[in-house]
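Novice: Build out the structure end to end from the sequences listed, making use of the hints.
Number of protein chains: 2
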Amino acid sequence: MPRVPVPPEVDEFLQLPNPAVVATLRPDGSPHTVPTWYDWEDGRALLNMEDSRVRLGFMRRDPRVALTVLGSGEDGWYSHVSLLGRIVSIEDDDSLADIDRLALRYTRKPFRNRDRKRVSAWLEPERWHEWR
Amino acid sequence: MPRVPVPPEVDEFLQLPNPAVVATLRPDGSPHTVPTWYDWEDGRALLNMEDSRVRLGFMRRDPRVALTVLGSGEDGWYSHVSLLGRIVSIEDDDSLADIDRLALRYTRKPFRNRDRKRVSAWLEPERWHEWR
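Protein chains in written order, with this note's numbering: chain A, 1 to 132; chain B, 1 to 132.
Just so you know, not all the hints are guaranteed correct.
As the list claims (entries may be wrong) - Here are some, though not all, of the chain A residues that point toward chain B, as calculated from beta-carbon distances under 8 Å:
id, residue
1, LEU16
2, PRO27
3, PRO31
4, PRO35
5, LEU67
6, SER72
7, GLY76
Hints listed in this document are in silico derivations from the structure and should not be mistaken for laboratory results. Predicted model only: the values in this text are computed from it and were never measured. Think of the CB as a built atom: it goes at the ideal place given N, C-alpha and C, for glycine as much as any other residue.
Specialist: See the structure below:
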């Protein structure tokens, strides 16, 4: 599995607001997966979640994560770019600036639900693989 | 996180040929994710892969896996059903019957590439979560 940095065409693919699934590790070491929005900046992926989400606790406990970003499902085959790496930063998104950034990217509108505390996490990939 | 069995409406959702991402564990315990076709039968998910895929070795070594099945991305939000569980059976798909079953489900055609050995794995979920 190649190491980062990703080549320019993969970087370009990751700039798009594609559907993605993030895997974290539960305390017993088993995997947990859930869809996620992400943004891609300078070789890292921004994730954002409510501060009550179980995966936030999982990331704090063990920062190792994987992210699969899905491309088009033409012909029933799903192209993808997947990143394996670690969460290198977890910070409160008090102003909701990061979730608005993601909501604008995916929905072209600011984030609707503004009364829950949210947290941002940055994923730094170490390796990546793809099928395109 | 609720335990199985899943309720009827979740069972119905899983019958559809939705895009999915499977997470396995690498030998160092970190997560690995990749898109996958699946079929849903009697509360278990059928997966199938080339026998050279790294995730097959990961599943043999540690059977704990997670599968996120994505629903429609209307409004930019992705609905999903995610299953946490174990691989309970790994068998050669010598006749390619299982990959044909998946290819027909996703593409309405038999599987194109018939010269590689393939393997089927059944995922038995223990817990599940959703956002729909």
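Novice: Now tell me if each hint is right for this structure.
Specialist: Now for the hints, and whether the structure bears them out:
no., hint, verdict
1, LEU16, "violated (13 Å)"
2, PRO27, "violated (12 Å)"
3, PRO31, "holds (4 Å)"
4, PRO35, "holds (4 Å)"
5, LEU67, "holds (7 Å)"
6, SER72, "violated (10 Å)"
7, GLY76, "holds (4 Å)"
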